[in-house]
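Numbering (UniProt numbering), first residue to last: 1 to 141.
No lab work stands behind these hints, which were simulated from the structure alone. The structure presented is a predicted model; accordingly, all values stated were derived computationally and were not measured. Every clue listed holds true.
Derived lysine-lysine pairs resembling PhoX-like cross-links, with alpha carbons at most 25 Å apart:
#, residue 1, residue 2
1, LYS38, LYS62
2, LYS2, LYS46
3, LYS116, LYS128
4, LYS116, LYS127
5, LYS25, LYS62
6, LYS132, LYS121
7, LYS46, LYS62
8, LYS121, LYS133
9, LYS116, LYS131
10, LYS25, LYS36
11, LYS121, LYS131
12, LYS25, LYS2
13, LYS130, LYS116
14, LYS55, LYS25
15, LYS55, LYS36
16, LYS2, LYS55
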Amino acid sequence: MKQAVGLIEVRGLASAVNVADTMVKVATVALLGIEKAKGNGWMTIKVLGDVGAVKASVDAGKSMSIENNSYISSLVIPRPAENLEKLFFNQSKKELKKSEPTIKEEPEKELKNEKKVEEIKTEVAVKKEKKKKTNGKANKQ
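Can you build the whole structure from these sequences, using the hints too?
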């Protein structure tokens, strides 16, 4: 794993959802999940992304949780060891790679749609030309 991992612990599910929403909106990070920690209603929010994005995301989440009076602790690990991923996260690299390209798939769909639109336009133009030719022949007779 060459990306950074960010963790924030907060009190309560509602606070965790609010903080996770803030974290994802502030920077380009992948939300790996919100996990219930042991006891006291603590929740751990896990994000993954570039080092700078994760730091900005964790800082924003920390300030939001301090505002809500639910902050427990936070941590950013810039380039964690490969074994750490297996220990802390249930998702494999394949699952992470599958979940990330949703943004990349949309432009491909748009390109396919644009190609379909262009094909339809050319078909319509060809049909119009055929009608003109057949109308021209009918008028001559």
